[in-house]
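Number of protein chains: 2
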Amino acid sequence: MDSGELPPLRRMIDPDAALRLVLKSVTRHPPQRLPLHEICGLQLAEEIRADRDYPPFPRAMMDGYAVRVADAAATIEVVGEVAAGCIVKTPVREGCCLEIMTGAPCPPGTEAVVQKEHVRRSGSQVTLPKEIKPGCHIAPRGSECRGGVVVLRPGDTITPLATAVIASTGLETVLVTRRPSLAVITTGTELVSPGSEPAPGQIRDSNGPMLVAMVRDLRIEKPLHLHVSDSEDEILQALNKVAKYDIVLLTGGVSVGNHDLVPRVLQDFGAEAVFYKVRQKPGKPLLMAKRGSQLLFGLPGNPLACHLCFHRYVAAAIRLMEGKAPVLTPVSATLMAAVQPKKGKTYFLAARADRADEASNSWRLHPLHGVSSADVFTSSKANCYAEVPPGCSEIPAGEVLLFTWIGAAPWPN
Amino acid sequence: MDSGELPPLRRMIDPDAALRLVLKSVTRHPPQRLPLHEICGLQLAEEIRADRDYPPFPRAMMDGYAVRVADAAATIEVVGEVAAGCIVKTPVREGCCLEIMTGAPCPPGTEAVVQKEHVRRSGSQVTLPKEIKPGCHIAPRGSECRGGVVVLRPGDTITPLATAVIASTGLETVLVTRRPSLAVITTGTELVSPGSEPAPGQIRDSNGPMLVAMVRDLRIEKPLHLHVSDSEDEILQALNKVAKYDIVLLTGGVSVGNHDLVPRVLQDFGAEAVFYKVRQKPGKPLLMAKRGSQLLFGLPGNPLACHLCFHRYVAAAIRLMEGKAPVLTPVSATLMAAVQPKKGKTYFLAARADRADEASNSWRLHPLHGVSSADVFTSSKANCYAEVPPGCSEIPAGEVLLFTWIGAAPWPN
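The listed protein sequences derive, respectively, from chains R and L. As numbered in the numbering used here, residues 276 to 688 make up the first sequence, in order. As numbered in the numbering used here, residues 276 to 688 make up the second sequence, in order.
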């Protein structure tokens, strides 16, 4: 990145400018070859062609009888059986037929498959219905897909149905845009692990488990989590341990306090700051840096601020690295309680969205204001963030705001 | 289940009746205790109370100085420093102050914290601003949450923020509604694995990889997949291997062909059929059975039919077992191409939904009709199923249909 374009550090930038800088810093990685059971949800990085016609043979689509159309209404002899997986060379001639199972290749001369339920069988003979349409219940060779045709393209999202397509064409592995690797370093001498009893003045680390949950929610299965004290040496050692990770999240130590060592240590580590401080609430003291293709985020130590910064900036970087649209489209909703904007700062309001009614696509937005950017209690049921533009006058209930869903949340009911 | 309420087997039932029978067959399992990093997205099965006040001490919310309000505009002595994690007993008296870091406990006598940026420091002295509001930048003890208060309830979805709440209160494990275990048994002598070259009449197994992808998409990480030939012995052996799984999916062999052994083998296995055949397209020959608390689904062998049956019935059972709302709320969308309903059957139409425009919550529905219920090529980009009620007359483009998202798909952009 041209440093001439960098906003001066220590001068706050707008949330949208910060997001643009994050996305501009993302390096796309070379694609990775993965087995079928690991590719669902990723973006394909190669073209897939049908290796043959599908179906590869005229296929029976019902359990029944392979017949000639001229035998409609006649009583004819059943001269054999075709199971799926078998090739039967006995031809179907007028006056005789073969019993055939769903999925089996039609024998030569088959003009239609008559459903088992539509014939009267008696011993080795069947009486056929009065009318038989040519081609009925036969999927002709190549009718689903012709050999050589491109069936999936680079950039396509691999759905379970796309996995079925890939499996059909005989591939056991495919090239995909890989997920980034991610490490979390929590800093703070005041933090103890969740299972420990805090001494006076201490608190338990909640950012570590929260960030690990957010990362796993985006399907990155094994984020590394290290915890270090407020010591330049310890932080630098931890950074050296995670030097190969694509994304590093540090929490705490990014403010202006005497023990906020992260900005300094990042410099010693050889990382170049991209921006520092964003005109937003919560999460003002957000720091972003780069070291080669590695992205480093200095997230605020206050849990709600840390959560918002992951939601808005880190998740966007992850999605872009995975070849996806980085920014989720906002959804409009009716505000259910008044909201007080912040002066000169965009307010990202944790909220719960639910449907206004079953029959419509309208959403209601229930604000979950915390008492501070450390308050995770009030916000624990949030499923979205509403964006409240800077301003002075209260936004009354009934107004429309835009929100984005948190995480890889399934559609809420 | 009272067998008197069962619809007669071998008589087709409606899709909604089938769904009701699936949900009625679900047994809720006893909750399971899991560590913090595995609970995200699950439903809590116990009450969580705050173990203490939060914050546990009056906490500085900014880097700055712990002062008395009476010292506004005065130049006073800095007599010490309080870092996060430390308890400093030096009281704050008029005429002096302590430097304090974000997150640190305020020393006795602190009336406000003045931001570092709002003072003029010179050596060991600082000049304070003209006005200092009492309580400014202090989070009083218990202001976020009082000790003993219920912070999360049984049935709450564990979001990453809820994980932070649980970690704060000192728990390393919690009781959650557990995910069901799931095994897939693909049947069919005609199937070879994706990496093999099919002999004439054979095809590659695409249902196995597809179902594994669908199961993993719902966050059940290790579904078992077995493949067996069309042999009663082999199918029964496979069933005995998966006797302890909560849900078993069998594919193929559920139709009326001579080699469709699944209904018979399920009976030998001691499973009681709940229903067989649903008035729907695709997926008519769906079979559902129960053995104790185990649910067994005989899914059709045609891939698209198999996919729809998982989407509509199996996924609902999984969600209910996990304590979630089993049925996703349908979304309304404008049909972008005409659709021909099926006579006497509900047609579940694979489709792609996208936004009508950025600013609204309206959706457009692009049908992805396959040429048959085996055609995964046409439908591979589907992200939803639209429900087309039984009927005879074409539904023109521009009409509104209801659809449900497929899988745990994130909100599409």
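A few of these clues could be false.
For chains that are exact copies, the list does not tell them apart, and a pair is met inside one copy or across any two.
The calculated EDC-like cross-link candidates involving lysine to aspartate or glutamate, where the alpha carbons are at most 16 Å apart (straight line), are [stated by the list, open to error]: (1) Lys599 to Glu472; (2) Lys391 to Glu447; (3) Lys656 to Asp431; (4) Lys364 to Asp632; (5) Lys391 to Glu356; (6) Lys599 to Asp431; (7) Lys559 to Glu392; (8) Lys408 to Glu674; (9) Lys559 to Glu472; (10) Lys656 to Glu322; (11) Lys497 to Glu386; (12) Lys497 to Asp291; (13) Lys497 to Glu313.
These aren't lab readings, by the way, just hints derived from the structure by calculation.
Quick rundown of the hints versus the structure:
no.: 1; hint: Lys599 to Glu472; verdict: neither (42 Å within a copy, 34 Å between copies)
no.: 2; hint: Lys391 to Glu447; verdict: neither (37 Å within a copy, 60 Å between copies)
no.: 3; hint: Lys656 to Asp431; verdict: between (33 Å within a copy, 8 Å between copies)
no.: 4; hint: Lys364 to Asp632; verdict: neither (60 Å within a copy, 56 Å between copies)
no.: 5; hint: Lys391 to Glu356; verdict: within (13 Å within a copy, 88 Å between copies)
no.: 6; hint: Lys599 to Asp431; verdict: within (10 Å within a copy, 30 Å between copies)
no.: 7; hint: Lys559 to Glu392; verdict: between (71 Å within a copy, 14 Å between copies)
no.: 8; hint: Lys408 to Glu674; verdict: neither (61 Å within a copy, 32 Å between copies)
no.: 9; hint: Lys559 to Glu472; verdict: neither (30 Å within a copy, 59 Å between copies)
no.: 10; hint: Lys656 to Glu322; verdict: between (42 Å within a copy, 15 Å between copies)
no.: 11; hint: Lys497 to Glu386; verdict: neither (56 Å within a copy, 45 Å between copies)
no.: 12; hint: Lys497 to Asp291; verdict: neither (30 Å within a copy, 40 Å between copies)
no.: 13; hint: Lys497 to Glu313; verdict: both (14 Å within a copy, 11 Å between copies)
The structure is inconsistent with the numbered hints 1, 2, 4, 8, 9, 11 and 12, although it conforms to all the rest.
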